[in-house]
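Enquirer: Residue numbers (the numbering used here), protein chains in the order written: chain A, 161 to 546; chain Y, 161 to 546.
A portion of the hints provided could be inaccurate.
What the hints assert, rightly or not - Calculated pairs, BS3-like style, for lysine-lysine (alpha carbon to alpha carbon, straight line, at most 30 Å): (1) 331/A <-> 272/Y; (2) 464/A <-> 331/Y; (3) 188/A <-> 491/Y; (4) 288/Y <-> 180/A; (5) 272/A <-> 460/Y; (6) 491/Y <-> 331/A; (7) 331/Y <-> 288/A; (8) 188/A <-> 272/Y; (9) 464/A <-> 491/A; (10) 288/Y <-> 188/A; (11) 180/A <-> 188/Y; (12) 203/Y <-> 288/A; (13) 288/Y <-> 331/A; (14) 188/Y <-> 274/A; (15) 331/A <-> 180/Y.
Stated by the list, open to error - Restraint ranges, calculated between C-beta atoms of paired labels, are given here: (16) 206/A <-> 219/Y: 55 to 63 Å; (17) 279/Y <-> 219/A: 37 to 45 Å; (18) 395/Y <-> 368/A: 38 to 46 Å; (19) 527/Y <-> 226/A: 47 to 55 Å; (20) 483/A <-> 226/Y: 39 to 47 Å.
Stated by the list, open to error - Short derived list, chain A residues pointing at chain Y, Cβ under 10 Å: (21) 375; (22) 482; (23) 516.
Everything labelled a hint here was simulated from the structure, so no lab data went into it. By construction, the Cβ of each residue, glycine as well, lies at the ideal position given by its N, Cα and C atoms.
One letter stands for each residue in the lines below.
Protein chains: 2
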Amino acid sequence: MNNFAYQIPTEIYFGRGQIKHLEESLLKFGHRVLLVYGGGSIKRTGLYQTIQTIFSQSGVESFELAGVEPNPRIDTVRKGVQLCRQNNVDVILAVGGGSSIDCAKVISAAVKYKGDAWDLVKNGNLIKEALPLIVILTIAATGSEMDRFAVISDMNTNDKLGTFSPLFYPKVSILDPEYTFTVPKNQTAAGTADIMSHIMERYFHNIEGAYVQDRLSEGLLKTCIHYGPIAYHEPNNYEARANLMWASSLAIDGITWRGNDVVNSAHPMEHQLSAYHDITHGVGLAIITPHWMKHILNEKTVGKFVDFGVNVWGIDSSLDPYEIADSAIKKLENFYASLDIPSTLREVGVTEEHLVTMAEKASNGLENAFYPLTSADVLAIYKASL
Amino acid sequence: MNNFAYQIPTEIYFGRGQIKHLEESLLKFGHRVLLVYGGGSIKRTGLYQTIQTIFSQSGVESFELAGVEPNPRIDTVRKGVQLCRQNNVDVILAVGGGSSIDCAKVISAAVKYKGDAWDLVKNGNLIKEALPLIVILTIAATGSEMDRFAVISDMNTNDKLGTFSPLFYPKVSILDPEYTFTVPKNQTAAGTADIMSHIMERYFHNIEGAYVQDRLSEGLLKTCIHYGPIAYHEPNNYEARANLMWASSLAIDGITWRGNDVVNSAHPMEHQLSAYHDITHGVGLAIITPHWMKHILNEKTVGKFVDFGVNVWGIDSSLDPYEIADSAIKKLENFYASLDIPSTLREVGVTEEHLVTMAEKASNGLENAFYPLTSADVLAIYKASL
Numbered sequence: 161m162n163n164f165a166y167q168i169p170t171e172i173y174f175g176r177g178q179i180k181h182l183e184e185s186l187l188k189f190g191h192r193v194l195l196v197y198g199g200g201s202i203k204r205t206g207l208y209q210t211i212q213t214i215f216s217q218s219g220v221e222s223f224e225l226a227g228v229e230p231n232p233r234i235d236t237v238r239k240g241v242q243l244c245r246q247n248n249v250d251v252i253l254a255v256g257g258g259s260s261i262d263c264a265k266v267i268s269a270a271v272k273y274k275g276d277a278w279d280l281v282k283n284g285n286l287i288k289e290a291l292p293l294i295v296i297l298t299i300a301a302t303g304s305e306m307d308r309f310a311v312i313s314d315m316n317t318n319d320k321l322g323t324f325s326p327l328f329y330p331k332v333s334i335l336d337p338e339y340t341f342t343v344p345k346n347q348t349a350a351g352t353a354d355i356m357s358h359i360m361e362r363y364f365h366n367i368e369g370a371y372v373q374d375r376l377s378e379g380l381l382k383t384c385i386h387y388g389p390i391a392y393h394e395p396n397n398y399e400a401r402a403n404l405m406w407a408s409s410l411a412i413d414g415i416t417w418r419g420n421d422v423v424n425s426a427h428p429m430e431h432q433l434s435a436y437h438d439i440t441h442g443v444g445l446a447i448i449t450p451h452w453m454k455h456i457l458n459e460k461t462v463g464k465f466v467d468f469g470v471n472v473w474g475i476d477s478s479l480d481p482y483e484i485a486d487s488a489i490k491k492l493e494n495f496y497a498s499l500d501i502p503s504t505l506r507e508v509g510v511t512e513e514h515l516v517t518m519a520e521k522a523s524n525g526l527e528n529a530f531y532p533l534t535s536a537d538v539l540a541i542y543k544a545s546l
Numbered sequence: 161m162n163n164f165a166y167q168i169p170t171e172i173y174f175g176r177g178q179i180k181h182l183e184e185s186l187l188k189f190g191h192r193v194l195l196v197y198g199g200g201s202i203k204r205t206g207l208y209q210t211i212q213t214i215f216s217q218s219g220v221e222s223f224e225l226a227g228v229e230p231n232p233r234i235d236t237v238r239k240g241v242q243l244c245r246q247n248n249v250d251v252i253l254a255v256g257g258g259s260s261i262d263c264a265k266v267i268s269a270a271v272k273y274k275g276d277a278w279d280l281v282k283n284g285n286l287i288k289e290a291l292p293l294i295v296i297l298t299i300a301a302t303g304s305e306m307d308r309f310a311v312i313s314d315m316n317t318n319d320k321l322g323t324f325s326p327l328f329y330p331k332v333s334i335l336d337p338e339y340t341f342t343v344p345k346n347q348t349a350a351g352t353a354d355i356m357s358h359i360m361e362r363y364f365h366n367i368e369g370a371y372v373q374d375r376l377s378e379g380l381l382k383t384c385i386h387y388g389p390i391a392y393h394e395p396n397n398y399e400a401r402a403n404l405m406w407a408s409s410l411a412i413d414g415i416t417w418r419g420n421d422v423v424n425s426a427h428p429m430e431h432q433l434s435a436y437h438d439i440t441h442g443v444g445l446a447i448i449t450p451h452w453m454k455h456i457l458n459e460k461t462v463g464k465f466v467d468f469g470v471n472v473w474g475i476d477s478s479l480d481p482y483e484i485a486d487s488a489i490k491k492l493e494n495f496y497a498s499l500d501i502p503s504t505l506r507e508v509g510v511t512e513e514h515l516v517t518m519a520e521k522a523s524n525g526l527e528n529a530f531y532p533l534t535s536a537d538v539l540a541i542y543k544a545s546l
């Protein structure tokens, strides 16, 4: 197990009706609030009106950044920064999923930074100060509600970059599974794939003796495999929504990867897909992951696939290791298919056009991945996924 | 799943050589430090000298509360309070396991409290302020390094009580598995039993749909079952010590019980044994737990024992539920026996003498346990454990 540091400063309020903590959470930091959200879903579900009522009851003056994109863009961050500065905002309230939260995180830091917000996306070390951030989560997927990461895109240059800072941890996150009842089926499926990808990215590591992390990862994967289909078919199933929501936070907060940190593989490959084709992140991950697995399965990695097959998918441990590995990958593919997630990149509009450039960009850093990948490897994985 | 709140403010530095963070951690809070520790082991291992060197290099003035008992006593807490007040202490450094840490926690709050420290043990709500606490962990067991609990005994009245406060979270905990290489074999065994008990106390719950918590608990239990014997037989095995140490913290920080909180069963029963006979906490838990399980196994609880048997101990799920349950309890007994933990109370000096009184005291609150227990139930469990 590697050395590590671990701390989760975010205060989580989990469960039905936890929005009752919103007023006290906001007022700890001030009365002038920037409300950041995406599409119109928070208006359709009534959450927007609930928040407005709390604002007016507690004397909050609010300003709005609406329309944050599914892959949030640096131009939107810049708009948010301007709104904060013009209105002397004290605290940011992000309502939504990873897109709104990530956008709000970078706004929170860029307000306090003299240069352009994109600098902070390229280099998190420049972040020295940030406005406090409160989150109301409405989809279980990225884990951004309890982590220090943010991913922002510049569609002019087709760049989608991740950045991080300890100042990005939300001060408070309100996690009410009922807010996810209205998540569309395809987004429920994509969210589940995203959670699982966060776990698998670190589950496939080479760090000796990171046993406890592996066993916790398996527990979280089993939770997604059990409840993903239930939430997909019964959107109002509280138990399924609650388990997926808490799994999404725990998948990325550190218990699965502190001590066995390894460079992500599927995420950098998917980020290029989103940057060039603006596809749904979780769908891109689900399409690529099985092909990545097939590409890297060999005598060095098969042991990890055996763990994955036996402990996650319940495959008979007495079978041949490669049979277990192949069967585990097949089960993962079948699982995605059971959630009606497309299985090829063509289905989501990706063509051969930018593949070589994307593979070049994605492979930057992948020499340190669980199984090192060159741009030729990434290109092969993209082509197999087409 | 129940509603819950969750936050882990403690900063963890985990791994070899993490004592390098001690100086910066202390100096954040001041120069006047109360060092709290137990027996002479920190002197024998050289850790005491290392700490003294850091103190003198960083200009720390230190005061000492040595000799904290394995079941820390309220008189020792009072001595610590006096030392803090006399010397105007800024920050407390606890070095050891749960005993030293728990003692330091109650000192930290009692210094700021006008009445007697025992008030705070009886009622954690009275705690409004506390000195900052830094921890260096030297045994994996209680999880006190990353939680808000403390257990203190008054041997005059044979009371051993738990108390808690959010102010009890250590500010920083340094977790270096190498510091546990010198833990005696019997304490390694007892520590493993203590970690497992923390997990099992909450694993056996009646909360519907707390699935993710159960799967994480199983992962932690498997870690203890895998590494307990390795650490017992190879005290210097870093991998085993590291996994047990991190499991001890995660077993109690909340991921196993936030959302499925239930009143402990074995702990209250064991606390009476320690209060009357000053036995090793983990040993008492290991003796009682299988008898508690046998006592409560019935048609209402058997499903949970099936999960326990199949998912933790790998028992064939196609067997009869009671066969699985019996076999799981037997495997737990065999596991404790493999660590040479006594299997009867008589072996550790407990007689029939106080059993009735102890059962009366222990059963207070157990009407809300996973399986409600009366004083007659507790007495039966004590007698079966004799």
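Enquirer: For each hint, tell me whether it holds in the structure or not.
Expert: Right, here's what the structure says about each hint:
With a C-alpha separation of about 27 Å, the suggested pairing of residue 331/A with residue 272/Y holds against the 30 Å cut-off. Of the pairs offered as hints, the one joining residue 464/A and residue 331/Y is violated, with about 36 Å between alpha carbons and a cut-off of 30 Å exceeded. As the CA atoms of residue 188/A and residue 491/Y are separated by approximately 51 Å, the hinted pair breaks the 30 Å bound. As the CA atoms of residue 288/Y and residue 180/A are separated by approximately 24 Å, the hinted pair is consistent with the 30 Å bound.
Under the criterion of a C-alpha separation no larger than 30 Å, the hint pairing residue 272/A with residue 460/Y is inconsistent with the structure, at around 58 Å. For the hint linking residue 491/Y to residue 331/A, the alpha-carbon distance of about 44 Å lies beyond 30 Å, and the restraint is violated. Between residue 331/Y and residue 288/A the alpha-carbon distance is near 22 Å, which keeps this suggested pair within the 30 Å criterion. Proposed proximity of residue 188/A and residue 272/Y is supported: the alpha carbons are some 24 Å apart, at most 30 Å.
Restraint check for residue 464/A and residue 491/A: satisfied, since their Cα atoms lie roughly 16 Å apart, inside the 30 Å limit. Proposed proximity of residue 288/Y and residue 188/A is supported: the alpha carbons are some 18 Å apart, at most 30 Å. Distance restraint check for residue 180/A and residue 188/Y: the Cα-Cα separation of roughly 34 Å exceeds the 30 Å cut-off, and the hinted pair is therefore not satisfied. Note on residue 203/Y and residue 288/A: the hinted pairing is violated, with a Cα-Cα distance of about 41 Å set against a maximum of 30 Å.
The suggested pairing of residue 288/Y with residue 331/A holds, with an alpha-carbon distance near 22 Å, which does not exceed 30 Å. A hinted pair counts as satisfied when its Cα atoms are at most 30 Å apart, and residue 188/Y with residue 274/A qualifies at roughly 29 Å. Distance check on the hinted pair: residue 331/A and residue 180/Y sit about 28 Å apart at the alpha-carbon level, within 30 Å; holds. Separated by about 59 Å at the C-beta atoms, residue 206/A and residue 219/Y satisfy the suggested range of 55 to 63 Å.
Checked against the given bound of 37 to 45 Å, the beta carbons of residue 279/Y and residue 219/A, roughly 39 Å apart, stay inside it. Hint check: residue 395/Y to residue 368/A, Cβ distance near 19 Å, so the stated range 38 to 46 Å is violated. Take residue 527/Y and residue 226/A: their Cβ atoms lie about 52 Å apart, and the range 47 to 55 Å holds. Checked against the given bound of 39 to 47 Å, the beta carbons of residue 483/A and residue 226/Y, roughly 60 Å apart, lie outside it.
Checking residue 375/A against chain Y by beta carbon gives a least distance of about 3 Å; that is within 10 Å, so the hint holds. Because the beta carbon of residue 482/A sits about 23 Å from the nearest beta carbon in chain Y, more than 10 Å, this interface hint is broken. Taking 10 Å as the C-beta contact cut-off toward chain Y, the hint placing residue 516/A at the interface is violated, the least distance being around 41 Å.
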